[in-house]
Amino acid sequence: MKNRRAVIVVIFFLAINLLIYSQSLNNKFVRWDDGLLIYENPIVRNLSVSSVAAAFSTYDPELYIPLTFISYQIDYLVGGVDPFMYHVTNLLLHTLNSLLVFLFAYFLLKNRFAALFCGVLFAVHPLNAEAVVWASARKDLLATFFFLGALVSYLKSTHYSLQTTHRLYVNKLSILCFLLSLLSKVSVIALPLVLLLIDYLKDRKIDRGVILEKIPYFALSIIFGIVAIFGKAEVIEGIGFTDTVIMACRSGIFYISKIFIPTGLSVLYPAGDSISIFDPIYFVPVILVIGLMSSLIYFRKNKLFVFSILFFLINLIPSFTNFAKDGDLYFASDRYAYIPMIGVLILICALLFKFKKKLLHNYSLLIIHCSFLIVICIFAALSFFQSRVWASTESLFTNVIERYPNMSHRAHNNIGNVYRRQDDLDKAIAEFEIALSIKPHPKTYGNLGAVYRKNGDTLKALEQYRKAMELDPENAEPYFGLGLVYAASNDFGNALDNYNRALELDPRYAEAYSNIGALYASRGDYERAVENYLNAIEANSMFIQAYYNLGVSYSQLGKNSEAISAYEGAIEIHPNFVAARLNLGILYYGKKRIDDAVYEFEQVLEIDPNNASARSALGQIGR
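Going by this note's numbering, the first residue of the sequence shown is number 128, and it counts up by one from there.
Don't read these hints as lab results, they were simulated from the structure. Some hints here could point you the wrong way.
Unchecked claim - Lysine-lysine pairs mimicking BS3-like chemistry, simulated, CA-CA at most 25 Å apart:
(1) LYS554 / LYS566
(2) LYS481 / LYS430
(3) LYS385 / LYS452
(4) LYS329 / LYS428
(5) LYS329 / LYS237
(6) LYS332 / LYS430
(7) LYS237 / LYS428
(8) LYS481 / LYS385
(9) LYS283 / LYS341
(10) LYS452 / LYS594
(11) LYS428 / LYS332
(12) LYS581 / LYS594
(13) LYS237 / LYS332
(14) LYS430 / LYS283
(15) LYS341 / LYS299
(16) LYS587 / LYS566
(17) LYS581 / LYS554
(18) LYS430 / LYS237
(19) LYS594 / LYS566
(20) LYS554 / LYS587
(21) LYS329 / LYS481
What the hints assert, rightly or not - Derived Cβ-Cβ restraints for the label pairs, each shown as a range:
(22) LYS332 / SER177: 44 to 52 Å
(23) GLU601 / ASP209: 32 to 40 Å
(24) SER688 / ILE356: 41 to 49 Å
(25) ALA346 / SER649: 51 to 59 Å
(26) ASN130 / ILE404: 53 to 61 Å
(27) VAL413 / ASN153: 39 to 47 Å
Every residue gets a Cβ at the ideal spot worked out from N, C-alpha and C, and that includes glycine.
Please model the entire structure based on the sequences and the hints provided.
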């Protein structure tokens, strides 16, 4: 009976999420970290020892998320770079998270209907749409899954009816889940404090055993906190402590307001260029936060109220390191509320079902349940339409412009890049110029320079790159852009100088090394080309093109064994790299390794059945 009930609950939550988000499964990848993390990321294009090792040695570029990368590797193994599989995984994770919220709420409230309502609210809440439909938000979903797993396991381990052996097993499971959560995204670092809140709510006596059981959790928090500092150092330095506190107040009140009225959502919430306590948009939230903190003292006897509010605030704190992004200020991101809102939802549901009995004296049960259903339907509809905003890069940032027409230069810049990739260069120029009119930004000047370079207007391209340099002299990208302009003009000297300057500013700029290699290769200097391709690979061990170019240069030098190793390296990272397999097959054939050559050519035809070069090669071999 229990198993049947559990299956029904699972199907119920899956049906709800499919109803809301099934249409988003056909959404495209968006140019908002999806390229960086997924479809342009060599790490995820293979599931192997080397790719897993790369996942554990790479930042995002600010966060340490190896388990998230591995989840992408599995998606790639199943569906390649088709966005569908990545969206399916996100949807399934959100469904599991909704179920875990239900379990967590039930263990705390001991009210099945209140817990069910809490889980459903979490499932349908529009504020969660970003985390569900954005492929790059996988880290938030995966971290939350293990975070909730750790909390539920902890609650089970503290259940006094459990045998000691079973309790120890469940406790170890909780610690393991916390570790996996940190490996998905380090923002769950506050979990040990949440465990203390649970002890407080459950009136658990704080003794030596309780303290000892927390040591592994705090140890993991400290270790991963240190790891996070290395990735977040530059971001943290972008805003002072006082401004961070003021912005945090605005951020916290914003999330609370959107939990109750989730409209006007956006991928970006520009905060303007300055933070002032005398500005009403900051002063009012500060006063409200002071009032909220005062309420904790006033309602201190209501442990559930204290637990819920502190749960919200504690889990929101890690997001306060993200206000400064690339020279701009943003006071919120919907996905940052994914875990914190659970505390508020639990409080809401507990209060609703507490007052439900009193309301029954005046209203029918049907009316009350209909009210709950109406709220759920409204939230579900809002989530449905919000998920459509994420259908494409253009729709995503068009939505930002509609919400903040005169504030988001970044949205105009990103739409400009959409047009640039579509070769609609006039529209791209128009969007970049609007972005610059809102705020002159080095990246926008660089993008405008790239458009003019693509248009063949060398002088204007040079002008834009130099403007980018004036705004940010320590940025390597404009120098790299200048190198591209000069390389296209066959100006070897200036191209080399600018690539080298880019490397002075960023010694790990793998693309600059690779392009220097290409410069030398174009002059027949394959020894120097090899040297620079090796430097590119050292800077980025997953740089596929550098492996390929290295193989070509080694072949030109007659170093076929080294060329084979280079091509094999490219294929290990990207098994569907047709050009590398073709060249590898040719080299195998030259070394009389006929079976290996045939295998490579056959692999090419599996990837590209119409590949004439592979068919011709097999014909010559007689296969």
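Status of each hint after checking the structure:
no.: 1; hint: LYS554 / LYS566; in the structure: 19 Å, holds
no.: 2; hint: LYS481 / LYS430; in the structure: 15 Å, holds
no.: 3; hint: LYS385 / LYS452; in the structure: 22 Å, holds
no.: 4; hint: LYS329 / LYS428; in the structure: 13 Å, holds
no.: 5; hint: LYS329 / LYS237; in the structure: 12 Å, holds
no.: 6; hint: LYS332 / LYS430; in the structure: 15 Å, holds
no.: 7; hint: LYS237 / LYS428; in the structure: 19 Å, holds
no.: 8; hint: LYS481 / LYS385; in the structure: 23 Å, holds
no.: 9; hint: LYS283 / LYS341; in the structure: 15 Å, holds
no.: 10; hint: LYS452 / LYS594; in the structure: 20 Å, holds
no.: 11; hint: LYS428 / LYS332; in the structure: 17 Å, holds
no.: 12; hint: LYS581 / LYS594; in the structure: 18 Å, holds
no.: 13; hint: LYS237 / LYS332; in the structure: 20 Å, holds
no.: 14; hint: LYS430 / LYS283; in the structure: 20 Å, holds
no.: 15; hint: LYS341 / LYS299; in the structure: 11 Å, holds
no.: 16; hint: LYS587 / LYS566; in the structure: 20 Å, holds
no.: 17; hint: LYS581 / LYS554; in the structure: 14 Å, holds
no.: 18; hint: LYS430 / LYS237; in the structure: 15 Å, holds
no.: 19; hint: LYS594 / LYS566; in the structure: 13 Å, holds
no.: 20; hint: LYS554 / LYS587; in the structure: 17 Å, holds
no.: 21; hint: LYS329 / LYS481; in the structure: 18 Å, holds
no.: 22; hint: LYS332 / SER177: 44 to 52 Å; in the structure: 50 Å, holds
no.: 23; hint: GLU601 / ASP209: 32 to 40 Å; in the structure: 39 Å, holds
no.: 24; hint: SER688 / ILE356: 41 to 49 Å; in the structure: 44 Å, holds
no.: 25; hint: ALA346 / SER649: 51 to 59 Å; in the structure: 54 Å, holds
no.: 26; hint: ASN130 / ILE404: 53 to 61 Å; in the structure: 57 Å, holds
no.: 27; hint: VAL413 / ASN153: 39 to 47 Å; in the structure: 43 Å, holds
In this structure, every one of the numbered hints holds.
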